[in-house]
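One line per chain: the protein sequences are A and B, in this order. No gaps in the numbering here: position 68 of the first sequence is 77 in our numbering, and each next residue is one more. No gaps in the numbering here: position 191 of the second sequence is 200 in our numbering, and each next residue is one more.
A few of these clues could be false.
All copies of an identical chain are treated as equivalent in the list; a pair is satisfied when it fits inside any one copy or across any two copies.
Claimed, not checked - Quick list of in silico lysine to aspartate or glutamate cross-link-like pairs, DMTMM-like style, CA-CA up to 20 Å:
{"#": "1", "residue 1": "Lys-234", "residue 2": "Asp-112"}
{"#": "2", "residue 1": "Lys-265", "residue 2": "Asp-52"}
{"#": "3", "residue 1": "Lys-29", "residue 2": "Asp-141"}
Honestly, the hints are just simulated from the structure, not real lab data.
2 protein chains.
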Amino acid sequence: MREVAVIGIGIMKWGELWEKSFRNIFSEAALNAIDDAGVDHIDSLYVGCMSGGLFVGQEHVGAIMADYIGQKHIPAAHVESACASGGLSFRQAYMEVASGMSDIVMAGGVEKMTDVSGDGATYALATAADQDYEVFHGVTFPGLYAMMARAYMKKYKTTRAQLSAVPYKAHLNGSKNPYAQYPFPIKLKDVENGVMVADPLHILDCSPITDGAAAVILTTVDIAKKLKKPIIKIIGSGMATDTIALHQRETLTSLKSTELAGERALKMAGKKIDNVDLIEVHDCFSIAEIIVTESLGLFKPGQGAKAAADGLTALDGKIPVNTSGGLKAKGHPVGATGIGQVVEIVKQLRGEAENGRQIKGNPKVGMAQNMGGSGASAVVHILEVA
Amino acid sequence: MREVAVIGIGIMKWGELWEKSFRNIFSEAALNAIDDAGVDHIDSLYVGCMSGGLFVGQEHVGAIMADYIGQKHIPAAHVESACASGGLSFRQAYMEVASGMSDIVMAGGVEKMTDVSGDGATYALATAADQDYEVFHGVTFPGLYAMMARAYMKKYKTTRAQLSAVPYKAHLNGSKNPYAQYPFPIKLKDVENGVMVADPLHILDCSPITDGAAAVILTTVDIAKKLKKPIIKIIGSGMATDTIALHQRETLTSLKSTELAGERALKMAGKKIDNVDLIEVHDCFSIAEIIVTESLGLFKPGQGAKAAADGLTALDGKIPVNTSGGLKAKGHPVGATGIGQVVEIVKQLRGEAENGRQIKGNPKVGMAQNMGGSGASAVVHILEVA
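This is chain A alone, in the form it adopts within the complex:
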């Protein structure tokens, strides 16, 4: 397999983008990535998107985006793994370059979630769960993660304040991210004072509905050297799945797909979790970040909530988690989220994170963990400064 590097990143301001269309927001991020990489074309395109069909009535997402970024006639693929669609897009682009099939490949992600009416977004998102055995009975994602939170909090005697520490940190970091949907800090007490969504999850425990896109450019390390770009190598890629229905899992308090994807990525990279300098994780709900940090091996089972409350995952903590603001503050345009994570890791590894968000000590190794549904899929990537 050829060595592969990220040589360009493109992001845009995420939020409720009423004045921009599905194809517009993708093009904006994609053209930013092309500019950043300094290339004049791409050989192939991947677009992560959870459901163009349900959100905007548009499938054939790869072809339309190739055309609208001025690259018609190239191969273009739309890939989907629910909220892990962005991570999957990155993985497929990585494999295409590594295989020798193409030299310069864009991995993008996009979701336009606010164009649906009524409970359209909730319905669309719920199609990431088991339609026949979960959704049919009325449960949607806040309910599924609330069950995980209840099981976890009961088992480990987690306090409300520990849970609240996760969105508190997310907003603190997100307040320094100019592209975040909610770039402002919150108070710890705001979380428990917010409206209840699904007990014990209040509104600020939940990531928002977001329009947004992100894109990165991958090429071989050899070509990257010739282009004289900062070289951020992809040294590990792991993906895993689990039962789509939550009730079929062995436990609700750890995430097997994240465990396996993390192990596979670390093994490929020849690294241990202690070698990683910063991580972006999939904090779709505050409980998710806690369990994910444990399933990746950062903390022992039951220690994740306390670790967050003790500041171990803060910007200046032992292992910074979600320096971008995470899904909670940065926003969660589901198909774009996994690529947005890679954009943040690359910024940090290049030393380019804005507004005092840059972590100290010249980080060398970053990890991105992206997750679909209640953990039926997970994708983990490890990047390293060359």
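Since the structure of chain A is already known, use the hints to place chain B on it.
Frame of chain A; chain B shown alone:
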């Protein structure tokens, strides 16, 4: 890149499968492929599906199918390129094995199209066209292909009987395919006597709405030799895109994405179109087969209709096209179609086509051409007996 072969194929009876669910039909085809390959696991899964979201309210299609075929925890990706989703699935699986990332990979495809009510299927399919500039104005696929048919027939003075020759041949071949949705012959006159859908296309010019699935197993040629399976090598893979909107093309009478995908696949294979012994093409409408055979270089522009009428593409013709019965008679479960084509090519190259459908002279090289929308994407693969 490692050499890759198909070592297992799985198909099932396509049709209106009211008694089977989305996950059931995929599992049936997938387990057939695993049995045929004689493997006890797969390392990774691709599922081509145009819109689980719109057809059955189920996204996260890779994860759910991995679970339901007994392979949870493996990496699993859902890929989409409208009606070319199956071809894309095959291409991604090919690249994953070729890259060295995985050894045994399943490329599958599935669509459950009959579970929607009213005009749900027509709406879902129309999301493969340009939602903002085509579908919004009321056109759906029969209308788009009717415009191509009108332009072609006017330019080349094509007769109604020449157009009818395509579905006539499809049903003749399909009558010998036990897995076809409509396994019976029709009379040439039946086509023009059928109800008009979009002038000049009558009902028998149009492929049907179908529930169905198909799957194949890919591995390296080295592993295939150890398994002592018939080795059908993948020697060429080409994909290309075009504008998603028909009115933005330079011409309506040829298909640029198919031209490019065909050229790329042939170049990679080191073959010319004359070296190909049989082809499965994307005959979603009778005009599509005619234009595709020209865009692939089988016939000169304007000669495709006459060639079909003269029997050049028949089972015993100069170059058999759609020995399976094509989309018209075999059925067109959109995400499965591209994999169904590969299943037919492998059967023919192995000499296993049923009911007198096997072409004579020990075919060595087969091609599958799968197309999305009105040709905004196309995927071409070339397979060869090792």
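Verification of the hints:
1. Lys-234 <-> Asp-112: This pair counts as within: shortest intra-copy Cα distance 13 Å, inter-copy 31 Å.
2. Lys-265 <-> Asp-52: Close across copies (17 Å), not inside one copy (35 Å); limit 20 Å.
3. Lys-29 <-> Asp-141: between (34 Å within a copy, 13 Å between copies)
The structure shown violates none of the earlier numbered hints.
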